[in-house]
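K.L.:
Residue-level listing of the chains:
Protein chains: 2
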Amino acid sequence: MPIATDSLSRIFFALADPTRRAVLERLAAGSATVGELAEPFAMSRPAISQHLGVLEDAGLIERTREGQWRRCTLRPEGLDGAERWVAEHRAAWQARFDRLDRTLEALASTRPAGPGGTDRAARDSADAETEE
Amino acid sequence: MPIATDSLSRIFFALADPTRRAVLERLAAGSATVGELAEPFAMSRPAISQHLGVLEDAGLIERTREGQWRRCTLRPEGLDGAERWVAEHRAAWQARFDRLDRTLEALASTRPAGPGGTDRAARDSADAETEE
DNA sequence: TCATCGTGTAGGCAACTGCTTACGTAAGGA
DNA sequence: TCCTTACGTAAGCAGTTGCCTACACGATGA
Numbered sequence: 020m021p022i023a024t025d026s027l028s029r030i031f032f033a034l035a036d037p038t039r040r041a042v043l044e045r046l047a048a049g050s051a052t053v054g055e056l057a058e059p060f061a062m063s064r065p066a067i068s069q070h071l072g073v074l075e076d077a078g079l080i081e082r083t084r085e086g087q088w089r090r091c092t093l094r095p096e097g098l099d100g101a102e103r104w105v106a107e108h109r110a111a112w113q114a115r116f117d118r119l120d121r122t123l124e125a126l127a128s129t130r131p132a133g134p135g136g137t138d139r140a141a142r143d144s145a146d147a148e149t150e151e
Numbered sequence: 020m021p022i023a024t025d026s027l028s029r030i031f032f033a034l035a036d037p038t039r040r041a042v043l044e045r046l047a048a049g050s051a052t053v054g055e056l057a058e059p060f061a062m063s064r065p066a067i068s069q070h071l072g073v074l075e076d077a078g079l080i081e082r083t084r085e086g087q088w089r090r091c092t093l094r095p096e097g098l099d100g101a102e103r104w105v106a107e108h109r110a111a112w113q114a115r116f117d118r119l120d121r122t123l124e125a126l127a128s129t130r131p132a133g134p135g136g137t138d139r140a141a142r143d144s145a146d147a148e149t150e151e
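Residue numbers (our numbering), protein chains in the order written: chain B, 20 to 151; chain R, 20 to 151.
Since the hints were derived computationally from the structure, they do not count as laboratory data. Do not take every clue at face value.
[What the hints assert, rightly or not] One-sided and incomplete, this derived list gives chain B residues near chain R with beta-carbon spacing under 7 Å:
| no. | residue |
| --- | --- |
| 1 | Ala35 |
| 2 | Gly54 |
| 3 | Ala101 |
[As the list claims (entries may be wrong)] Here are some chain R residues pointing at chain B (derived, C-beta under 8 Å):
| no. | residue |
| --- | --- |
| 4 | Ser26 |
| 5 | Ser28 |
| 6 | Asp36 |
| 7 | Leu43 |
| 8 | Phe60 |
| 9 | Trp88 |
| 10 | Leu98 |
| 11 | Gly100 |
| 12 | Val105 |
| 13 | Glu107 |
| 14 | Ala111 |
[To be verified] Label pairs and their in silico Cβ distance ranges:
| no. | chain 1 | residue 1 | chain 2 | residue 2 | range |
| --- | --- | --- | --- | --- | --- |
| 15 | B | Gln113 | R | Pro37 | 44 to 50 Å |
| 16 | R | Asp76 | B | Glu85 | 39 to 45 Å |
| 17 | R | Arg121 | B | Gly72 | 30 to 36 Å |
| 18 | B | Arg82 | R | Gly49 | 25 to 31 Å |
| 19 | B | Ala127 | R | Arg121 | 54 to 60 Å |
| 20 | R | Gly49 | B | Thr52 | 26 to 32 Å |
| 21 | R | Ala125 | B | Arg121 | 32 to 38 Å |
| 22 | B | Glu85 | R | Leu126 | 14 to 20 Å |
Quick reminder that beta carbons are idealized off the backbone N, C-alpha and C, glycines included.
All chains should be built: construct the whole structure from the sequences, respecting the hints.
P.N.:
Shown next, in the form of structure tokens:
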């Protein structure tokens, strides 16, 4: 991963770590200080601080000074980009495969006993017919 | 990122790279061989091959032998885990903040002229009242 | 003013990523 | 049989991650 990539990459990268996802789930129950967030993990405070830096850089949390403490708060809108990308692509891919399935049904009805092959292989063959 | 983490981490990690997302978008238009996928990128074939390995490891694509070529196909269901996680958390976070907003409104109506502070600070203060 | 608490930063280390070039392997054709 | 094509794997390099310990800094309190 090159440093400082685009916003979407930063969000997905931040989510690609169990510790950081656990921190987000903890924050979903209410804002917390760095010490409170570090407590359940077998990890030093600086390590958590660095994870928080990644989350903040991705726009998923916010750190604000509060006297002696730093309070961490979720930024729900930080997930917008990732949610939009995943939902759009998931829907588009599924729609494409549904079209292929209909194509396969049509082929099956005109050629009921075609040559052997798995469903996936048949789908791949039909694939070519939808590209030009 | 430690090697061989959980499924969700592998998916998000695979999506956290512009090149890999571009490959997925290309594949959404139809399956392709490795050479076809490598063509638009200023990158060697082995580099693309490694990216494909990451995508395959995450369950987002499938590589099948086809004579002399290797055909790559999307696995739409591979996005299921990521889609579910993002949608669930986005909804839960938003719901929580909506509740806080209502709490703030209630506070504002009972104490119309409270002490100074930004909206965010007021939200953080209200935060404590929702936790026990 | 000085000690303490909560955090961030700096420096160091092992492991991993992402890319390269070089080479190995399987399929297809002369 | 030999050559070409398509692709993967191996080895190596620079840069990054993720963790640690040590230390610096601002806020709080005696």
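K.L.:
So which of the earlier hints does this model not fit?
P.N.:
Numbers 2, 4, 8, 9, 11, 13, 15, 18, 20 and 21 - these are the hints that the structure violates, sorted from lowest upward.
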